[in-house]
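Trainee: Chain by chain, the residues run as shown.
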Amino acid sequence: MENEKTRTYEIMEVCLLAGKIMLQSGGETYRVEDTMMRMAAAFGIENSHSYVTPTGIIFSAEGAEPTKTKLIRILTRSTDLKKVAMVNSISRRISSGELDLESALTLLKELDSLNVTFPFMVQVAAASIASGCFMIMFRGEWIDFIPAMLTGGVGYFGFLYFHRYIPIKFFSEFLASFIIGLLSFFLVKIGAGQQLDKIIIGSVMTLVPGLLVTNAVRDLMAGHLVSGLSKGAEAFLTAFAIGSGIAVVLSFL
Amino acid sequence: MDIIGQLVTSFIATAAFGVIFNAPKETLVKCGFVGMGGWIIYYIAEKYSGDSVLATLGATLFVGIVSQELAKFYKTPVIIFSVAGIIPLVPGGLAYDTMRNFVEDDYYQALALGAKVTLLSGSIAFGLVFSEVINQVVRRIKRANL
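Protein chains in written order, with the numbering used here: chain D, 1 to 253; chain C, 1001 to 1146.
Check each hint, because a few of them may be wrong.
[Said to hold, decoys possible] Subject to a maximum C-alpha distance of 30 angstroms in a straight line, what follows is the list of computed DSS-like cross-link-like pairs (lysine-lysine): (1) C:LYS1047 x D:LYS20; (2) D:LYS169 x D:LYS109; (3) C:LYS1047 x D:LYS109.
[Unchecked claim] What the simulated footprint calls covered on chain D by chain C, stretch by stretch (three residues with Cβ under 8 angstroms from a Cβ of chain C suffice, anywhere in the stretch; the number is not a length): (4) 72-84; (5) 199-207.
These are computed hints drawn from the structure, not numbers from a lab. Think of the CB as a built atom: it goes at the ideal place given N, C-alpha and C, for glycine as much as any other residue.
Take these sequences, add in the hints, and give me the full structure.
Mentor: Printed below as a string of structure tokens:
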């Protein structure tokens, strides 16, 4: 009896850890719920309920013993698709019976502390290239390609750099877009760039909360009202930060 | 020439976004192709119909359906392909214009643009949900026939 109790708690810990990693890495709400319930079912808990919001997960398991419920708090969220894929493959292996409880827990704990992101400078380079390309896609001229790459790269560098020292995302986004606005204004002023609007739009695309907006509307449509609304609020805050950063520069023109 | 430029830049931009979102290395090229396909559909449809909402819907449907198939084939979550694919379609430029008009005290213009942004992001979300529904219906029909 006592053994069974601890086993249920261990299963719940594994499920919650998997859910936490997925949610922190930008997995969709329904996928997190689905993964957690599938994993619980694979370990023998047929009836489980999960309630996932962007800031916390509540998971409860029903069985022969009294129902147990656990809560886990989510503080930081970012986009790290590789971790989502890795948790997904772990959950697949659990469902097929390849992994037992202990090894799944060790694997997930390892994954939780692992940093699988691309190197800092690679990310900045990618952002800079993306900015240049977006500027062309929004019907800019090729002459503005280099200025857009420059402002986009510096802006994203600033975003990552500030984010290390200022834990509030709003401020690092505000500062990054402020830098983008200032630098592109400067580049146009000295004649290196032509169209100020296009350069700014291309450069801020790497900061724009496109993923959040779509996920928010999607969650709302799927009936996850709480997470849809809170993701929408987060997206609005990010858009507001970017807009006001640019606006401060534009109002000085 | 114009189309070739769009093809190349949308491929590179989407793949670069894959790096920013830390997609697994082996999926980056596929992400690039998904994004390129979606963007070209949007670009051509918008050019000939002039309706950006419809063009976005069509492009998102393409991105959604292709992502579902790729995800099934490579046994990875759908989000890896769909996220990078829809990034070019996100109305970032319009959102910027909205904000700029607000700052310049042109509220009428800003509200009109804001409504357009809402419509566009709504159509992206709708396209994604719709492609998911199509995928489920197809799967159910296939299972019923077996």
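Trainee: Each of the hints needs a verdict: does it hold here or not?
Mentor: So, going through the hints one by one against the coordinates:
no., hint, in the structure
1, C:LYS1047 x D:LYS20, "violated, 43 angstroms"
2, D:LYS169 x D:LYS109, "holds, 26 angstroms"
3, C:LYS1047 x D:LYS109, "violated, 50 angstroms"
4, 72-84, "holds (count 6)"
5, 199-207, "holds (count 5)"
Hints 1, 3 from the earlier list are contradicted by this structure; the remaining hints agree with it.
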